[in-house]
Each structure stands twice: as C-alpha cells, then as structure tokens.
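Please take these sequences and the hints and turn them into a complete structure.
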Amino acid sequence: MSAHRIAEVAKRGMGPAQELAKIVPFVLRTPTAIFQGVREDGEAEWLCYCGLPKRAYRRESGDQILPYENEVYLVYVNADRVAYNSRWEDCHRNKKNLPVDYETRFDRRVL
Amino acid sequence: MTKQETEFAELVLSKVEPNRELELPQVVHDPDGDCIEFLAVNEDFRAKRVNSLVTVYIGRESNEIVGSLIKGVNAVIKGILDDFPGFKVEIDGRRVRLQHIFTAKMWEAKYDDDKDDGTIEVYAKLRQLAEAKNAEVELCEV
Chain S
1 MSAHRIAEVA
11 KRGMGPAQEL
21 AKIVPFVLRT
31 PTAIFQGVRE
41 DGEAEWLCYC
51 GLPKRAYRRE
61 SGDQILPYEN
71 EVYLVYVNAD
81 RVAYNSRWED
91 CHRNKKNLPV
101 DYETRFDRRV
111 L
Chain W
1 MTKQETEFAE
11 LVLSKVEPNR
21 ELELPQVVHD
31 PDGDCIEFLA
41 VNEDFRAKRV
51 NSLVTVYIGR
61 ESNEIVGSLI
71 KGVNAVIKGI
81 LDDFPGFKVE
91 IDGRRVRLQH
101 IFTAKMWEAK
111 YDDDKDDGTI
121 EVYAKLRQLA
131 EAKNAEVELC
141 EV
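Protein chains in written order, with the working numbering: chain S, 1 to 111; chain W, 1 to 142.
Treat the hints with care, since some could be wrong.
Straight-line distance between alpha carbons at most 20 Å, and here's what the computed SDA-like set of lysine to any residue pairs gives [what the hints assert, rightly or not]: (1) S:Lys11 - W:Arg20; (2) S:Lys11 - W:Glu21; (3) W:Lys48 - W:Arg20; (4) S:Lys11 - S:Ala56; (5) W:Lys78 - W:Lys110; (6) W:Lys48 - S:Glu103; (7) S:Lys54 - W:Val28; (8) W:Lys133 - W:Val54; (9) W:Lys125 - W:Cys140; (10) S:Lys96 - W:Arg46; (11) S:Lys95 - W:Lys48; (12) S:Lys11 - S:Glu60; (13) S:Lys11 - W:Pro31; (14) W:Lys48 - W:Gly59; (15) W:Lys15 - S:Asp63; (16) W:Lys133 - W:Pro31; (17) S:Lys11 - W:Ala9; (18) W:Lys48 - S:Tyr102; (19) W:Lys48 - S:Gln36; (20) W:Lys48 - W:Glu121; (21) W:Lys48 - S:Asn97; (22) S:Lys11 - W:Leu11; (23) W:Lys133 - W:Glu108; (24) W:Lys48 - S:Leu52; (25) W:Lys78 - W:Ser52; (26) S:Lys11 - W:Val41; (27) S:Lys96 - S:Glu45.
Each pair of labels, with its calculated beta carbon distance range [what the hints assert, rightly or not]: (28) S:Asp101 - W:Asp83: 26 to 36 Å; (29) W:Asp83 - S:Ile65: 40 to 50 Å; (30) S:Arg81 - W:Thr6: 18 to 28 Å; (31) W:Glu121 - S:Thr30: 33 to 43 Å; (32) W:Glu17 - S:Ala79: 24 to 34 Å; (33) W:Pro85 - S:His4: 27 to 37 Å; (34) W:Gln128 - S:Ala79: 30 to 40 Å; (35) W:Asp92 - S:Asn70: 42 to 52 Å; (36) W:Glu10 - S:His4: 10 to 20 Å; (37) S:Leu111 - W:Glu5: 34 to 44 Å.
Among the chain S residues that face chain W by a calculated CB cut under 8 Å, a handful are [as the list claims (entries may be wrong)]: (38) Leu20; (39) Arg87; (40) Asp107.
Note that these hints are calculated values from the structure, not bench results.
From the three backbone atoms N, C-alpha and C, an ideal C-beta is built for every residue, glycine too.
Below you can see the structure in the form of structure tokens.
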C-alpha cells in the first residue's frame, strides 16, 4: 500500500480510513479466494483478493456496522504487489464467498 | 489482528483529520493501479463492474450512481487520442475534465456494436454526474 493511497483514503474521512485500516489487511490475510489476471491489456499478474469481513463501516461517521449481506470485499493488487483499490461488491448468486461473475471476469483462480 | 496489522491501522487512522470537510467531487488518478477514482457524493456505496474498463459505485440509499472507477487510464487516453485526435484540446497540461473522457468512451462504444450492452447508458450517466460536479482529474505519470 503506497503512502499516496493511504493519504488519499484518509482525506475521505473515518469510514474509508477504517475500511482501509482494518478490512483490507483482513482480506489480504484471510481471503476466501484469490484471482489472477484482472484486466485485458496484459495485466496478467495483477491479483484480486476476495474476502468476507466480519464488519463494515459507515462512510461518513466511521461507525462500525454488520457486514453487508450478499456482498464480498475485494482488494486489487498490481504486479508490484501494491494494493490500489478495494470495495464491496455483490457476491455470486450461488457462491456467497465469491464475487459475481467470477467465472468470466478473471483469467484464473489461484486460491 | 497481527502486530503488523495493528501498526498499519494506527498509521492509516493517524492520517485522518477529524474536522476536515470532505471536498467533493473527489477525482484521483492512482498511478499504482493506473485508474481514476471518481466520487461525487459522500454516500455509502457498493461497486458494480460494468466491463473491464469501468466500475460504477451505486449509492446504498439513493440506488443511484455516485461515482466510478476507470481502469487502464493511460491506455484509455491513448485509445481516445488515436480515434479522436481532436481530444487533445481537452487536455490542459495534465488536467482533463472527466466528462470529456466519458463522452469519448460513448463515441467509441457507439461505433462498436459489441460494446452496446447498456454501456453507453452508463457512460451517459457518468458524464452527466461529472459535468454536474465539474469533475476534473490530473493525470499522473504511470
């Protein structure tokens, strides 16, 4: 995680900062899946970590809440293993620990 | 949490300025991911991938688009300039109005039937939001 990214997220307030501080490391450490090849145009080494956090945070207040139902948390990592984006997304309709369309949006699953 | 995670969390949270008013829109070109993140409204959201280039952020209360992520920015800009060289006039130094990027993507999609899967409508909504918020981005060297 770059200092630039940390500073940008911190500017957005306590909610995004809590997410970065606590949810991103959790997902990186205990993913339910890791996918490789997240885009076209040759970024075959980029990774997407998928996880099921035990909490979420309200954006404006930073208050802790229950995790969002039927959603997973994704952390995107580039070829230099720098995390550059993270967010909540809908889960797959049958596999609640995987992101929607996981079968087609990544090159392959590595974990 | 591990010791390292605790230290990381402390570092991140120490950067938050509690009384700082959030400036909107937020438009940032992240060089690590070569992506532009656009946040127009400070609302809790979930992300929804549109295609390999664009993800939209959907407000949890409004159910409206409140932002987006454009991926592979340098390739996107290069592609736009290749197709529409006149786009260069919209880039001032390294700054460009976000609505122009969405407009150019709409033009590209219009001429490629394979991409007309609702993508044009999404770009149109993003363009409208970017224009309403006077969203501009400074492009980084990647």
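Original post:
Under the criterion that the straight-line Cα-Cα distance not exceed 20 Å, is the pair Lys48 of chain W, Tyr102 of chain S satisfied?
Top reply: Cα-Cα ~13 Å, so holds.
Original post:
Is 33 to 43 Å a correct range for the gap between the Cβ atoms of Glu121 of chain W and Thr30 of chain S?
Top reply: 38 Å, holds
Subject >> Satisfaction of hint between Glu45 of chain S and Lys96 of chain S, Cα-Cα up to 20 Å >> reply: 25 Å, violated
Original post:
Going straight from one Cα to the other, do Lys48 of chain W and Gln36 of chain S come out at no more than 20 Å?
Top reply: Distance ~19 Å between Lys48 of chain W and Gln36 of chain S Cα, so the pair holds.
Subject >> Given hint Gly59 of chain W paired with Lys48 of chain W - CA-CA distance at most 20 Å >> reply: With a Cα-Cα distance of about 11 Å, the restraint between Lys48 of chain W and Gly59 of chain W holds, given a limit of 20 Å.
Original post:
Do the alpha carbons of Lys15 of chain W and Asp63 of chain S lie within 20 Å of each other, as the hint requires?
Top reply: 17 Å, holds
Subject >> Thr6 of chain W and Arg81 of chain S - C-beta distance against the hinted 18 to 28 Å >> reply: Hint holds: Cβ distance 21 Å, inside 18 to 28 Å.
Original post:
Does Cys140 of chain W lie within 20 Å of Lys125 of chain W when you go C-alpha to C-alpha?
Top reply: Violated, at roughly 25 Å.
Original post:
Can the restraint linking Lys11 of chain S and Arg20 of chain W be considered satisfied, given a maximum Cα separation of 20 Å?
Top reply: 8 Å, holds
Subject >> Pair hint outcome, Lys11 of chain S versus Pro31 of chain W [Cα-Cα no greater than 20 Å] >> reply: 17 Å, holds
Original post:
Between Lys11 of chain S and Glu60 of chain S, does the CA-CA distance stay at or below 20 Å?
Top reply: Answer holds: Lys11 of chain S to Glu60 of chain S is near 12 Å, not above 20 Å.
**OP:** Mind checking the CB of Leu20 of chain S against every CB in chain W and telling me if the closest is under 8 Å?
**Re:** Where the cut-off is 8 Å and the nearest Cβ of chain W is about 5 Å from Leu20 of chain S, the hint holds.
Against the hints set out earlier in the document, violations occur for numbers 3, 7, 9, 16, 23, 27, 37, 40.
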